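Produce the entire structure from the sequences given, and follow the hints as far as they go.
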Amino acid sequence: MSDVLKLENLSVSLPRGRAGNVAILDELNLTIGAGEMLALVGESGSGKTIAALSVMRLLPRGARVQGSIQLAGTELTALDDRAMRGVRGRDVGMVFQNPLAALNPSRTVAAQIQEAWRVHKGGSIRAARARALDLMGEVGIPQPAQRLDDYPHQFSGGMRQRVMIAMALACAPKLLIADEPTTGLDPLIARQIMQLIARLRREHAMGVLFVTHDLSVVEEHADAIHVLYAGRSVEFGGARQFFAHPRHPYSAALLNSVARLGQARLQNIPGQLPEPEARPAGCRFAPRCAYHQPACDAAYPALIANGGTAAACLFPLPAGGVLQAAPLAKPAGRNYAPQLEVQDLSVRYEEAGGWFGAGGKQPPTLQDVAFSLGKGECLGVVGESGSGKSTLGRAVLQMIPYGGHVLLDGHDLAGLHGPKRRAQRRRLQVVFQDPRESMNPRLRIGDIVAEPLRLQGRISQAETRRRVAALLGRVGLNPELALRLPSAVSGGQAQRIAIARALAAEPEVIVLDEPTSALDVSTQAMLLNLLKDLGQSDALSYILISHDFAVVSYMADRIAVLNAGRIVEMNETARLIEAPQHRYTAALIEAAPQLRSRSR
Amino acid sequence: MSEQIIPAQGLPAAPLGSWVAWITQRSTLVAGLAIAGLILFIGFVAPFLYPPDPFAIHPDHALQAPSWAFPLGADELGRDELALLLSGGFATLVVALPAAALAFIVGIAYGLTAGLGPAWADRVMMRLLDAILALPSLIILIFFASLVTLNDTSLILLLGLISWPGLARLVRNETRAQRGRDFVLAAEQLGGGRFYIARMHLVRVMAPVLVVNGTFMIGDSIFAFSALSFLGLGVQPPQVSWGSLLESALDIIALDPWWLILPPGLLVFGALLAASLTGQGLLQRWGNGR
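Residue numbers (the working numbering), protein chains in the order written: chain D, 1 to 600; chain H, 1001 to 1290.
Treat each hint with caution, since some may be false.
[Unchecked claim] DEER-style ranges, computed between Cβ atoms:
no., chain 1, residue 1, chain 2, residue 2, range
1, H, Ile1105, D, Glu506, 35 to 41 Å
2, H, Gly1265, D, Arg421, 57 to 63 Å
3, H, Tyr1196, D, Gly403, 24 to 30 Å
Everything labelled a hint here was simulated from the structure, so no lab data went into it. Computed from a prediction, not measured in an experiment: that's the story for all the values here. Note that beta-carbon positions come from the ideal geometry of N, C-alpha and C, so glycine has one too.
Structure follows, in structure tokens:
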């Protein structure tokens, strides 16, 4: 039997409130062969993580599992807890999204890599340590002998993920479960991790269940794709066939909502994922589907194999049917009236220390940064973690002390104090990465959006309500949301609310600090489109800070590449992509998802 | 982006456990509020319902055990113990509650000022706080109580001004932790000043911590006042408080006057219990209010 993992009619329900169990995952069938990488793709709430956790039997308490889970021929659902512990870590390795949270900060990496080996295989510490050393070399940690006794915090994000992979590989598992292992990493690092997993699975003939929300991550290396939506399979098949001709409208829409270099418009998927209690009886994607027919609502469509992939759709898209729009030529060399001017900007963080604040000086986080931003222009700022891109945003916003000058409409902001400073700062607004963190959890949505209105002067209750409703409408939200608390809205809605609040201040410049990187792909697409439209209709100037080059290229008129606190390259987007001057820029462009031609 | 395993509306850990947890949560709060209501009733309403004069002396009934005429017996001077207890309750609460409120306000204001102010002001204010906290508060209380004329106002001021430092430190640390959060930064960007940030955002986010600590302060305040009265520094004779009643009863403990020791002791205990349970209940219901 060559199947490493075989799931048959796997259904999982989880306890939810007093209503009892609610089905999260229905009738999942999949097989993974030795040396095969299957990407289980879906957005938040699709059930993909629950599927992965049910293999390891790590579900929350009260979960009910039906169906069969076979690991190399062994039926896992029949095993008792003791036997299951033998399987975890020995036959199945697992890698999670956030390696810093998954590693124990108080133990050396060697101790943690050895752990699974010692638990399952026993033997001497010496042998286990030798194994750890081998593994660290294998996952590409430089000078592994010297790093064995380092602690997790001494490694960078990418290296930590390599340590996690080494841990998972300790007992040469038959199956590796990787749950969003590259999410949150810089794109270049993410790509290396992806290549590492792809190489290891071939060398060890190990099956890989790769769970992700982002199709572009697995495009290069996955052998098979399995797309979940609202707890059901919508499409599966070979990766080559899938990427060439996705048959299910949801798969195609998901593929088209990933930002790629040179793309003219991202596809919006209107509506929202249904709650697990309120899933439609028929096709679950039907309410959001552009090709919806009455027949779709009768019953969930069977998965029908149709030229390469199998799609659960009554009206599958014809092969090659949904071509992406051709890239539009960007209007090059537009002239913008100057809005914001940044000159010789430097930021140096003082180290906190000393009794009376005599902290040591650190090397500058930002040095001699200069650029100008035109009215209605979008400047993209890309760079990896620690390049100083968020610091740049905060300095422009006057949130932190800086050296140099920031001129708004020709007026230097540095010398201002008190109400004058506040009035000028209001013209610069910000949208943060984590939309929930940017809202006071105890205020209602309406009060959050009304905050800038109330700060600008006395206005009546009725007028406030009217303007809040108008603002919510502008960002595509139902005004009834005004009465809710932030905890009762989705991530995408929360980010729209943050945008509405920024708009309420009637700003001229908005700093977008990774505005979409905490969101699902389709939500991200809708939000980017919204920002793009607002930018055009209101002549808003944006500074878009992101590590995602494709997102920046989709939005920005010009791109500045930041490396170690300096702008190493700045040019119009199209020209930058065509002819990058800096090595780092070229690497970023290479790692970004490309616009695929569908004709292969 | 990790998938939400647990759906948006905070899922309880387990279906059965959640029911039990739900009931215990409620019961703590309900019990706290019920006892608090009883204590308030005894302090503010009951004195009007029970007519006998607390200060009338009946020498022939001295140290009488509870009877129809004296429901809770009489003390060594023959005063009606129940009437004394009710009058003492009013005297205790009328000082302890405003004192707690004063300490609550001073603590929050001091903590917010230190937490939002410039670094040097923060350092000075916190070192000052350390100095105050280093001295046992009861000692300071006794020291000042010996300096001023004791009446309700001065007692409120004394008690109030002595019990804020703990809350001040808590509020300051919480302010430091919250002021760098995105929604505070966003409010500053929108033009909100320090006072606005404090009022609109910080106090609201800290509300659970504040309310819970506020209830604890009420308990502390009653206890401190009772302790002060117990030491003879609280209310002045002939007026009594729960603490002074306890003290005079303990003087004659050899005679085993249980009806003079148990009731005031139970009332002080009940007041502390009410404050503590209410605080616990609110804490559980508001959870780790993010």
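These are the hints, each one checked on the structure:
1. H:Ile1105 to D:Glu506: 35 to 41 Å: Because 37 Å falls inside the window, the suggested range holds.
2. H:Gly1265 to D:Arg421: 57 to 63 Å: This hint holds: roughly 60 Å between Cβ atoms.
3. H:Tyr1196 to D:Gly403: 24 to 30 Å: Since the Cβ atoms of Tyr1196 (chain H) and Gly403 (chain D) sit about 29 Å apart, the hinted range of 24 to 30 Å holds.
When the structure is compared with the earlier hints, no violation turns up for any of them.
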